[in-house]
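Participant: Read off the chains here:
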Amino acid sequence: MQQRRVIDQVETNRVLLNGQLDTPKWWLPTVIGLGIAVIIGFVIIGFMVNRGLGVTGLSRPVYWGLFITTFVFWVGISHAGIMISAILRLTQAEWRRPVTRAAELLTVFSLLTALIFPLIHAGRPWRIAYWILPYDFARGIFPNIRSPLIMDPVAISTYLTGSTLFLYVALLPDLGNLRDRTEGWQKALYTMLALGWRGNPRQWKLQTVGGILLSALMLPIFVSVHSIVSWDFAVTPAVEGWHSTIFAPYFVIGAVHSGVSAVVTMMALMRWLWKWDDFIRPEHFDALARLLIVVATAWLGFTFLELVFALYTLDAPEIALRELQIFSWPWNMMFIVFLMTGYVIPVGMWLFKSVRNNIALMFWTSLFVNIGMWLERFMIIVPGLSRRTPFVYTWDSYRPSMVEWSILVWSICWVTFLMLLFSRFFPLVPLFEQKESQVFVDKIKIGRAEVPAILREQE
Amino acid sequence: MADRSILGMFQEAEPAADAMDGLARAGFEPGTFDVLTGTPYPEGAFGEYVPQHRLFRFPAFGAIIGFTTSILLTAGTQIAFPLVTGGKPILSLFAMVIIMYEMTMLSAVIATVIGIIFESRLPNMNPGAYDERITEGWIGVVISVDTTRAQEAESVLKTAGALEIKHAS
Amino acid sequence: MTMATNSAVSGHAAGDQEHASHGQEIAGHVILAPSAVKDKLVGTTEAGATRFRKWAIILTVLAAIGLLGLVLKYLQSSDDQTKWGYTAAVAAFLLTIGGGAPLVAVAPVLAKANWVRPLTRLASAFSLVGVVTMIVMIPLVAILPPLITEGARRRSIWFESPDWTPHIFIFLAMGTLLMAGLGLFYTTALPDFAAMRDHSTGRRQRWGKMLARGWVGTTVQWRTLRMRIGMFGTFYFLMLIYVHFLFTSDFAMGVVPGWRDAIFPMYHAMSSIQGGIAVTIIAAWAGRRYLGLEDYLRLDQFWSLGRLLFASSLLWIYFFFSAFIVFWYGRSMADIAWVDLFIRGPMIWAFIPAMFMSFLVPWWWLIWNRIRTSVNGPAIGAAIVLIGLLLDRIRIYVSSWAVPPDEIHDKYLKHIPGTVWPDVFDYMIIVGSIGASALIVMLAFRLVPIVSIWQTQEYQLLSKPVKYIRGHGVLVAKPD
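Residue numbers (the working numbering), protein chains in the order written: chain A, 1 to 459; chain B, 1001 to 1169; chain C, 2001 to 2480.
Mixed in with the good hints there might be a few duds.
DSBU-like cross-link-like pairs, simulated, lysine-lysine; straight-line CA separation at most 35 Å [claimed, not checked]:
1) Lys1088/B <-> Lys205/A
2) Lys205/A <-> Lys2112/C
3) Lys1158/B <-> Lys2478/C
4) Lys275/A <-> Lys2112/C
5) Lys275/A <-> Lys2209/C
6) Lys445/A <-> Lys2209/C
7) Lys205/A <-> Lys2478/C
8) Lys275/A <-> Lys353/A
9) Lys1088/B <-> Lys187/A
Source of the hints: derived by calculation from the structure; they are not laboratory data.
Generate the whole structure from the sequences, applying the supplied hints.
Facilitator: Here you go:
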C-alpha cells in the first residue's frame, strides 16, 4: 500500500482530464475504425431483420442460441459497476476509488447492448412493444406479467435507469471541474450539465450521503437483475439443466466474476492508453485479483452444486444431458476451455503476488475469464435444447451462422466505441474521489512503523 | 440593500478555517457564509455550519409511489385481460411481487436522485462569487452580505490571510 | 513480562497512547490504557461468581434433562424415523448458530475491519457448541437409512459409495469442523492465556500456564499467530460450507423423495451466518450488561453487527425466494409436492412465523439507523432472528423426517404427511441442548476473557483520535 505518491490537485486535473483537454493522438483513428465496424454491424443487423431469422443458425429445436447467450453475457458484464461502486463503497474499501466511474460506465453501456439482443432475436423487433409495454388500452390486451420474459425487461430497464442516474450524480463534481477548465461551447455544455455545482459542504455532504444511499438502493436491484435473467431459464421444467433452484445466485455470482474481470481488463487498458500510472496502480490490480479469487471460487462452488444436484436426481434425461455437456464432441472441448479459462488458469495465476501486480498478465487472465464465462452461458443454454427428447422428431445440432458471429463481434466493438466516445467528453476516473483519497488517507506511527490509515468521521 | 457575494481565496485549509471562525465571531449569521472546496473534507473541518438535509424522505416517498403504481399496474392489467397461462391464478402474487419490487426500487432511485439534486440546491442559476482555482485545490470562503457590511466581511477575510478577494452581485 | 509484548505490533506497543488513562473519551473514541484493559478483562473471568454459579447449576440441570430426553427417546422410538424431526431440527439449529458465529470472527478480520476485534473471542467460542451438536446427532445418524434400502439405492449425494458412507462422513466432517473451530478459538486465545498466566491466580493461572505454551510475544510468535488465524479461518469457512452441504443433503433432502434443491445447502449455510451474527449480538449484549464491558463492547460493534444482521436477513429472503419461485413456477409433480410439504403443508404454523421472524420483522426493525445505532435495538432484532431460525429449521426438518421411509424410492412425494407436534422428549431435547450450548460457552469464558485482551489493545493501537483542521475524526490504520 505504499505505492501512492502525493499528487496535488493541479497535477490530478492535468493528468486525469487529458482525455478531454488534450485528446491523445490514437483516439480519433481508433474511434473512426470502431465506428466503421459498428456501422457494418448495424448493416448486418438490418440485413437479418430484412431477411428474417433464417439467416441465423437457429432451427428446431434450438431457438435460443448465440443471441441469448450474448444477452446473458452482457447482462453479466453489467454487474461490474454496482459490485465495484456500491459494495466497495459500502464496505469503505479505499482502493475502489479510481475504478468506480469506469465500472459504472461499463454497466450502462453493456446493459444498453444487452437490451439489443432480445430485440433482434425476436426477428421483428418493433413487435416487442406488444408484449412488453402495457399500452393497449383500446383493445384491452395487456402483457402477461406472469412471464419472466416480461420481468426481464422491467428489471433491466430499472437497472439501466438507476445506473445511468447514479453515474450522472457522481459525475456532477467532475462536470464542475471540466466547466472550470474549458472554454467556448464546451464550457457552455459543462456549465449546463454541472447545474451550477460549487463544492460547498452541503453539496459534498449530499454527494457522500447520496452515494451511500444510492449504493444501498442499487444493490438489491443488481442482485435481482441477473436473478430474473436466470429465471427466464429456471422456471421451466421442460428443459433439462434449466430447472434448478440455484440458478439465481449462480448467475449473480458468475456475473460478478465476469463483470469484475472486465473491469480489470478495462483498467489495464486505461493505464496503458491514457498513461495513468500514478492513479491506476498495481495495488489496485492486486486488490481486485484477491476479490476475484474469492468470487471465482464461490462461483465454482455453485457450479459444483448445480452439477451434483442434477446427477442426484438419478433421472436418465438429466444424466444424459450432463454426458452431452461434458463428454460429447464438441461440447467436451468447450467444457475444458470453459473450465480452464473461467477458473483454473486465471485463479491459479492470481494466487501469485507477482502475477497480481503484473498489469499485462492481469489483462490477459481477465480476458480469459470472459471467454470462459461466455462459454459457460452457451453451455447452459444450448445443450439443454439440442438434446434429443421424446416426441420431437426434427432436431438438428446448432451451429451459429456468420451473421450471428458478426453481431457478437459488433457488440464488443459497439461497447468499446461508446466507452471511447464517453472518454472524449467525460473523465473516466472520478477526480474528486482521487482528491478525497488524498485528504482522507494518512498514516499512524506505531513505534518505528508507519501504518497506512484512513480518517473516519465521527458518527 | 442588495446582497453581495464576496469570495476570499486561500491556498491552505488552516487560514480558510480562520476566516470561517472570524466571520462567525464578527456576527455574520451561520448559513450566510460557506466554504468552497474542490474535494470533500471531513465534516466540520472548517468549523462550518453543518447543513441539515431531508434526503432520506425522498426514497421513502418514491418507494410508496412506485409500490402503489406497481400494484395498480400489475393487478389492473391482469384483471382487465384475464388470460390464464401456465395454470397460474390471474392475480399471481409471487409473479406480481417481482414487478412490484422492481418498480418500487426504480421509483425510490429516481426520487433519491431528485432528492440529491434538490437538497444540494441544484440547479443553481445564480451561483455568486466563484473562482476556477477552487477545483485546483484552492479553498474559497464565500459570504453573502448586504452592501452595508461588505467592507467588514472583506476585512475579516483579509485578516485571516485571503490571497485574493472576488466580488459578485 | 510487560504488556508491550501482549500487543500485536511486535513489541512497539504503547506508541502514542502511553499517556492515556482508563476510559478517557475523545470525540466519541474511548482511549484505554493497556494495563487497564488487561486488569479489566482478566477480571471478567472471575466476575459475578455467585450469579455464574447459579446459572451454571440451572444450565447443567437443563443439559442433564436434555441428555435424558435424548436417551429415553432413543429407547422408545429408535425404530421410527418419523418421530425424529424435532431432534434433527435442533441439531440443524445448533449447527446453524454455533457453526456460523465463528465466521463473524474471521470474515471481517480478513477484510481488515477493525470494529470486529473485541468480538472475535465471543464469536469463535461458539464453535464449542459443535460438541453438543455432535451428541444430538448420534441417534440421528443411527436412524438414518442406509444408502441401499429395500434392495435399491436411494437418492443421495454419495451415489455409488458404500452403504455406511453418509453416517461416517457426516461425523468426520462435523469433527473436523469442531477441530477447526477449536483451533481458531485456541490460537486466537494464546496471548490471552499468557496474560492469565501472568496476571491471575490459582487455578486460572495454572490453566493459563499450561495453555499459553510458552508464549512471550516475540515477533516470530506474532507472525505465526497471524498466519495461523488466517489458515484456521479459511479452513473453518470451507469446512462449514462442506458440513452444511452434507447435513442438508443427508438429513433433509435425502429423506424426501423427489426433492432436488441445489440452493438448499447454500440457503442453510447463509442462514447459518445470519444465526451466527445474531447469537454473537446476544452474547455481546449479555457480556456488556453483566460484565460491565461498556468501554469494550461499544456502540460501534452493535451498529456494525446490526448492519450485517440486516444484510443477512435480506439474503435469507433472497435465497428462500430463489428456490420458492422455481418450485412454484415449475409445477411438475415434484415441484408441487415441495410447495405442499414445506410451505402450505403440515408445518405452516412454523413457516409463517419463521418468515416473519427471519426476514420481515428484522428487516423492518433494523432498517432504521436509530435502531441499529443502539445496544438494545440489534439485540432485540437478534433474538427475533434466532427464534425465527429455530422455527425455520423445525419447518424444514420436521416436515422432511415426517415422510415415511417406505416412500424413499418414489419419483416424488405422493402423500403429504400430517402435522407432527413435539412430544415431551422433544421438549426436553430442545431445552436441554440449548442449555448445554449456553453452559459450554459460559464455561469457556471462565477460562479466558470474553473480550480478547490483545485484540482490544491492537484495536486501540490501530485507531487514533485526531483533530482535523477544526473537526474531529478517528484515524483507522489498515495494516497490510
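Participant: Give a verdict on every hint.
Facilitator: Results of checking the hints against the structure:
| no. | hint | in the structure |
| --- | --- | --- |
| 1 | Lys1088/B <-> Lys205/A | violated, 48 Å |
| 2 | Lys205/A <-> Lys2112/C | holds, 26 Å |
| 3 | Lys1158/B <-> Lys2478/C | violated, 41 Å |
| 4 | Lys275/A <-> Lys2112/C | holds, 31 Å |
| 5 | Lys275/A <-> Lys2209/C | violated, 58 Å |
| 6 | Lys445/A <-> Lys2209/C | holds, 33 Å |
| 7 | Lys205/A <-> Lys2478/C | holds, 25 Å |
| 8 | Lys275/A <-> Lys353/A | holds, 23 Å |
| 9 | Lys1088/B <-> Lys187/A | violated, 57 Å |
Going down the numbered hints, you'll see the structure goes against 1, 3, 5 and 9, while the others check out.
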